[in-house]
Amino acid sequence: MSAPAAPDGPEPVATISTRERLGRLWTRLRPNGSLLAGLAVLAAFGAIGIAALLWYGPGLDVMPYNPAWADAPVAPGPAWGRWFGTDSTLGVDVFGGLMRATPIDLALVGGILLSASLLGVLLGASAGLFGGALDGAVVGVSDLLVGVPPFFFVLVLYLGIQPLLPLGQNDLPWFGLLFALVLWPYYARPVRAAAQRARSAPYAESARAAGSGPTRLLFRHVLPNSVQPALAQLPIDVYNIFFVLTVFPYLGCLGGGAPSAVFKPISIVPSPYYPEWGSLLGYGACYGWSLLPSLDAWWSYVFPAAFVVAFGLGVMLLSDGLFRLLSVEGLPR
Amino acid sequence: MADRELRPRPRGPPPLRRLLRLALPLLLLLVLLLPTAAAARSVGAPAAAGGAPPGELVVVGVVEDQYSGQPIAGVTVDSLGNSLVWDNTTTDAQGRFSVETVPGPLNLRFGAPSGFDSLRTVVVVSNTSNPPLTIGLLPQALLNQVSGATDAAWEASALVGAVAVGVGIVVAAPRRRTASGARIGLLSPFGRYVAGRLILIPFQLFALLVLLYIFGNFLPALGRASVSGCLAAPGGSCATCLPAALSCQVSFFGSGFVGFASNLLTGNWGLASIGALRLPAVDFLTWWLPYSIELAVFALAISVAIAYPLGLAAGWQEGSPLDRGTRGTSLALLLIPTFLVALFLVLLVFQPWNALFGDSPYGLLPSPGWFVAHGGFLPWIGVGGQTSPTGFPLVDGLIHGDGAFVLDVLVKNLLQAALIAAIYVGIFFRYVRQSVAEAARSISIRAARSRGIPESTLLWRHTGRRLIPVYLLTFGMTLPAYLGTQALVEAMFNDQPGIGTILFSEMTGVSQTGFGYAHLGPLATGNLYQVIILFLALTLLLGNLCADVLARYLDPTIAAEARR
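First to last, the sequence lines map onto chains Y and C.
The first sequence begins at 1 in the numbering used here and counts up by one.
The second sequence begins at 1 in the numbering used here and counts up by one.
One or more hints might be untrue.
Said to hold, decoys possible - Just the calculated beta-carbon pair ranges, DEER-fashion:
(1) Y:Leu22 / C:Pro352: 52 to 62 Å
(2) Y:Leu326 / C:Ser251: 44 to 54 Å
(3) C:Ser388 / Y:Pro67: 33 to 43 Å
(4) Y:Pro31 / C:Gly403: 51 to 61 Å
(5) C:Gly254 / Y:Pro67: 32 to 42 Å
To be verified - Beyond 10 Å from chain Y on every Cβ pair, some chain C residues (computed):
(6) Asn130
(7) Val160
(8) Ala195
(9) Gly196
(10) Glu294
(11) Arg327
(12) Ser388
(13) Leu414
(14) Gly452
Hints in this document: simulated from the structure, not taken from any laboratory.
Here a beta-carbon is modelled for each residue, glycine too, at the ideal position from N, C-alpha and C.
Given the sequences, and given the hints that come with them, work out the whole structure.
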């Protein structure tokens, strides 16, 4: 940060005031509508999350159960006080469940996306820039991991380590860690290709000639010019994550509520009453369809789906905006 | 052996048992010839003549051939409840039996006539209502098929041989250089690239095999060892070494992996149980693979028909309404869970279909469930929904001239393919859009535009052709997403034959029994989901290779760029 100028001394030429910095940032961001919109959507989710943390306090991670809603043939719909209706599979209030779930989902999905993309971008850029054994290792491991659809793979790993985990604990952090380990190659591969191109680009050569060490070359020059191709993956991974969280609880009750003979439910969350968008959506859709052609209890799956879609659109807008921000201004890449 | 778990009463010398076994089919014939006598035995009637003491209950059920669904007569049923109330009876011509017991767990042993496998099971009897049991016995011919090594052993050795030849070619290829420094040898750079990629595939599969073993078998075994105190093979006795000792773990890992890998590679995949069917895994895979291939043909055709023009038109002008609209719609379709999109799609088609054709439950037709509910199988459709002679339902429907069947399969394929395309095109589009935009700004296009060539020609003829290799590369890259989507859509249409149904069924079933357990009896040596994932990976690796090779063949600059 720039030092504040003395009131009556001469203004230092090189320093820029914080306000001016913010002004410059704003001029740079203002035309970037996607980035601002994406930030706004995610900030709104963040605000909901903080409000939920403050409002519900330590009891946040269990949704209260109401037997009257669970026993009703069709769960009570939206009304004053329970704005998004209720869920008859679980007997919970959908609005309250979604609010409680917001901080949990932001931490889980945000954590997976951040760790997977950071790991992938770092490994991919290093592999592309330095080559050699590191490159071979990154390519070999990522080729292996990319060989299986990520949502199956993470389940294989997660169910595999589950017997080793202590009983009665929240395994979601492990799930997030494994998901990040499965997803990083999808970021590393395009970044590696871009970094390979950047390695021999004129700006990298001139930086090398100017005495940049490998670390500076990586972080200052090659990385910012290589991350762009990885950004398209972010919204797709939101899909991958919610696929696992939603589909596997749902499959067990496929076919309009009767337990399926073909599939068994897999719940990633510690219990069905643990608030999580995907599992609320999966359980809500279970009994939202009492018969195929009828649409009763639409509220139990439409509102959770709206949360997931809004969050995904926020991530998409953010990734588009970042893409534009990282492009050389005014010049097509 | 048919009666390895059966101790028939009265216990006689072995020759007598052999005689009995011979006599049973004759007995069966006799019973079949006397239907009136058989009908006299009502299902609900207690088998014992003495009458049930107060407090006892009657459990009824039917024994049938797991494979064909035909009832089996002459099966001896031994039962032992929790207070030593013992009963012994035999099934009638309709395969029905009834036993007396008290509330609580009831041990049932079914001693089958020759040709079938015996079965032992436990049911919990409640004192209010007990629904009739359906017991399926497996023909022994099928079990022999499972336990023996199959053609897959030959295929595996052929694969190893092919790889060895490939390695030999590349290693032996002389690497000389011309005066200008260009390499010459047995293989061109292109050939060397293809050979190098091919050689990698077995190694990648082996690494995946190790990973699947570690997470599917080894770690769960360690987890169980931490509870039970010893490392035991599934179904085996407790190992003598302590699980904490590293040497113990290493030896356990080694021996277990060899068995696991040899079972997987020789086609010894055990039994699979999907819904009410419990059959050799090989059968499920060979019957249902044609369904998946047929669906893939439709889905890929629709995807290409949408993705190619849409990707070009939307990517041509970044930020245009078409571009923004396509991206928003595709992401929304991606993020709304597939099953909701599927249900809405079915809903859209269901009413018109019902109005046009009457009672034909949508999306169920070629499934075993539909035929069971509609008066039995067509002569050319088997118990798992497999059709003959080719196995591809559409082709076989055409061969047999069954218009209604063809129409139903066709509509269902189109519906599922549209659903897959709706999701997959969204993923595909996000990758391909940037390449289109880049191509649209290329110098060659600008030059052509300056010469007055109309915009549509620039887009469809100049750029469209140039982007085919890029599309191919993107297809290779997004193949995992495609396969995953198809698997889910297949599973979504409940009771739908397809590899996806088997995969989801096995994976979710494993969540109940735990990985690494021989959860379907002594013959279930491998976990079927591991087999399918391995095959998925092989499909992906080969698909990726084909896409890459074709793209490099069509556009040599890709290879040049990669070398640079």
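Earlier hints that do not hold, by number: The structure breaks hints 3, 5 and 11; every other hint is satisfied.
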